[in-house]
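Student: With chain P held as given, fit chain V with the ligands onto it using these hints.
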Amino acid sequence: MIQYAVDLPEIDFSYAPPREGERVIQFREALREAMSEEMRRDERIFLMGEEVAEYNGAYKVSQGMLDEFGPKRIIDTPISENGFAGLGIAAAMAGLRPIVEFMSWSFSLVAADQILNNAPKMLYMSGGQWGCPIVFRGNDGAGGQLGSTHSWCVEGLYSNVPGMKMVIPSNPYDAKGLLKTAIRDPDPVFFLESERMLGDRAHVPPEEYYIPFGQARLAREGDACTLVSFGRPVNFCLEAGEALSGQGIEVDVLDMRTIRPLDIDAIVRSVQKTNRIVVVDQCWPFASVASEVMAQICEHAFDWLDAPPVRVNTDDVPTPYAKNLEAAYLPNPEKIIRAVTHLVG
Amino acid sequence: MTQAATRARAGDRPSDRLSDETLLKWLSDMQLIREFETRTMQAYQQAKIGGFCHIYTGQEPVAVGTIQSVQPDDPVITAYRDHGHALARGMDPRACMAEMFGKITGCAKGKGGSMHMFDRPHHLYGGHGIVGAQTPLGAGLAFAARYELEVLGTGKKRVCLCYLGDGALDQGAFHEAQNLASLFGLPVIYIVENNGYSMGTAIHRHTANHEHLLDRARGYGIDAVQIDGFDVLRIYDEFKPFADACREDQRPGFVNLITYRYQGHSMSDPQKYRTKEEVERFKEKDGIASLVHHLMSSEDEGGRGCLSEDEWKQMQREIRERVMDAVRFAEESPEPDVETELYSDVFLNPMPHLSPIRDYVHGAPNPLLADDA
Ligand SMILES: Cc1ncc(C[n+]2csc(CCOP(=O)(O)OP(=O)(O)O)c2C)c(N)n1
Ligand SMILES: [Mg+2]
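Chains as they are written, first to last, in this note's numbering: chain P, 51 to 395; chain V, 47 to 419.
Bound-form chain P, shown alone (with noise of 0.2 Å):
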């Protein structure tokens, strides 16, 4: 069979161009555009979902991709995760890159046995024979008034799974970098963005360049208190830091990039500066990513903590579709703020 890839990706992750600069693109090109970048270099990866092909992406992300790289790469499936997940899953066994995309993550349940009990456990299962090379992606999270079924975020449900790495993006610039890392990794990655931002416009750089995972980024710098999140979040926590400055509190704000691995090590960083922490997270609180970082900030930093762990984290409630009850269920900068200056108040 194919020349099968346990070879791990040599990549110099010490190359990071800058961050600011002319080229300003959208998230879903940014994607795009670590896709395409990846599939040039390497045959055996390939894009598989629904609509990814003829109508050029549901929400436009693979668009051209199918002139590029042909229908026997740029894949439509019918409507179908389960039996899709598990085909990318052993085409993955058998030596192929898989980019698998879910149109929402919502609907990755009903694959839940394919991603959760296969592509995880494969390598254990077979004591280190098969491997599953494969990137899961696709719209996790609320905010579009779509309704209970269609706002689902996974991080919390299946972060809790070993075996797969997860990675939330908040900007245009990360998407790219942690994408191709995440197409070269070859373990399972479940690779998570947000519809809300995919049309986010940012500078990406045009040439190649990749993002280790396990590295949080310091987006905002201040000692009054530690921000976390990952993902959309990290927005809100950006606006919430620049509305405190004004009242003269001065936050850190770490941008996870991936959940597993987890860089515990930034955060303790931070709060030993700060001394007090709140998580920003877009799941429900219950043993949600935010309750693990607040349980592991215990374990490794009690002594450092001024106050209680603080976490912000959608109501505990199915998602409710009226705008003000949806907008009244989501993390914002407001519940933020309120949280920070309860803290440092």
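The reader is advised that the hints may include incorrect statements.
[Unchecked claim] A few chain P positions that, by computed beta-carbon distances, are all more than 12 Å from chain V: (1) E101; (2) E104; (3) A108; (4) Q195; (5) L196; (6) R267; (7) G298; (8) E300; (9) L355; (10) K373; (11) A377.
[Said to hold, decoys possible] Chain P side only, calculated, beta carbon under 10 Å to chain V, not exhaustive: (12) P59; (13) G120; (14) I125; (15) L146; (16) Q164; (17) K171; (18) Y174; (19) T308; (20) D313; (21) Q346.
If you are wondering where the hints come from, they were derived from the structure by calculation, not from laboratory data.
All residues carry an ideal CB built from backbone N, CA and C; glycine is no exception.
Tutor: Chain V with the ligands alone, transformed into the frame defined by chain P:
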């Protein structure tokens, strides 16, 4: 496969062209599975094997007849009743038994168990414990084979064998897999080992319209056949051309293979759902006994006349010794080391902070990959 012209017969069935040597090897393969399972049950009763354990006895002609109809590097994947497929594919009985004993010398270093037999050198992609879960994987193996051929330009035409029980006919995953396989033209053959029961539920109680299973596959545009699974030669005669066609045309197939399991569903099954008489009736069609009869009968009687009573006894003795050796090996092998094995084989590319408990590591090399440089 050896084609000993000297002993080849003049008939027009594909199996007529097989050498005596080949048929003797198949007999030995089937007897190995039977003996292996007998010792497995014994070891289970002695609590040397844990967990769920499903015995293949009675179904031997299916694994041997179908696997011998394809190439050794065609991908094979199956469910949890997998010891037979592993052995038929060529897994060392030592590695198979040691896996069930939970030893580091097992095919999965003791991390998989009875239901999860994997053998990369023999292209066996598992042993899968969730009913039906292997069927989308089978489609994926066929997809990869076709991709290799058409995109990478390095492969050859392969066909994947994906086994499932009749119980898996009822799983959504299987229906999705068939749809994908047909839609994408994937060379995967779904072999239903129809032993009439999904655990304690007889087929007429678990699947609709069970007398017309082929129609279902045909509904997906998949070519389908029913094969009587008690006679390994008959399986070969009917399955070989079918598999050849799926390979050649690069398309899926569906086989309703009628078979029977002699033992309970798993090692803890009181078998209240069937009668002893029914089991005895099926044992009269035993695939090993009938092949022995065929090989012992003279050519005038329509047999091969290539096996004597003594030679058969000798073969059984040698197999018994081989399996006893596997049991001894399993017994004497060390357990996996907790320090290195509990946290290894979780990631190919481990990195710090993947777990709050401790870092993942690389453990002992897999015993089956020892020759892999
Ligand atoms: C999804 C799922 N549901 C239930 C089970 C428990 N279970 C294991 S085997 C089995 C019966 C399956 O019978 P069949 O597919 O006919 O295979 P056979 O045991 O006859 O080989 C059941 C209910 C399981 N392993 N997976
Ligand atoms: Mg059955």
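Student: Next step is simple, just say for each hint if it's right about the structure.
Tutor: Do the hints match the structure? See the list:
1. Against the 12 Å criterion, E101/P stays outside the reach of chain V, whose nearest CB is about 15 Å from its own CB.
2. With a least CB separation of 14 Å from chain V, E104/P remains clear of the 12 Å interface cut-off, as annotated.
3. Here A108/P stays apart from chain V, with its beta-carbon at least about 19 Å from theirs, past the 12 Å limit.
4. No Cβ of chain V comes within 12 Å of the Cβ of Q195/P; the nearest lies about 30 Å off, and the non-interface call holds.
5. With a least CB separation of 24 Å from chain V, L196/P remains clear of the 12 Å interface cut-off, as annotated.
6. The non-interface label for R267/P is consistent with chain V: the shortest C-beta to C-beta separation is roughly 15 Å, beyond 12 Å.
7. With a cut of 12 Å on Cβ distances, G298/P stays outside the contact zone with chain V, its closest approach being about 34 Å.
8. The beta carbon of E300/P is kept farther than 12 Å from every beta carbon of chain V, the shortest such distance being approximately 27 Å.
9. Interface exclusion of L355/P from chain V stands, the closest Cβ pair being 17 Å apart, more than 12 Å.
10. Its beta-carbon lying about 35 Å from the closest one in chain V, K373/P satisfies the requirement of being farther than 12 Å from that chain.
11. At the 12 Å boundary, the C-beta of A377/P stays outside the reach of chain V, the nearest C-beta of that chain being 33 Å off.
12. With 10 Å as the threshold, the beta carbon of P59/P comes within range of chain V, its nearest partner Cβ sitting at about 8 Å, so the hint holds.
13. The interface hint given for G120/P holds, since its Cβ lies 9 Å from the closest Cβ of chain V, which is under the 10 Å cut-off.
14. The beta carbon of I125/P is positioned within 10 Å of a beta carbon in chain V (closest approach about 8 Å), and the interface hint is therefore held.
15. Below 10 Å, beta-carbon pairs count as interface contacts, and L146/P has one with chain V at about 5 Å; its hint therefore holds.
16. With a cut of 10 Å, the hint placing Q164/P at the interface with chain V holds, because the nearest CB-to-CB distance is about 6 Å.
17. The interface hint given for K171/P is met, as the beta carbon of that residue sits about 9 Å from the closest beta carbon of chain V, less than 10 Å.
18. Below 10 Å, beta-carbon pairs count as interface contacts, and Y174/P has one with chain V at about 5 Å; its hint therefore holds.
19. Taking 10 Å as the C-beta contact cut-off toward chain V, the hint placing T308/P at the interface holds, the least distance being around 9 Å.
20. Nearest Cβ of chain V to the Cβ of D313/P: about 6 Å, under the 10 Å cut. The hint holds.
21. Given the 10 Å rule on beta carbons, the hint for Q346/P holds: about 5 Å separates it from the nearest Cβ of chain V.
In this structure, every one of the numbered hints holds.
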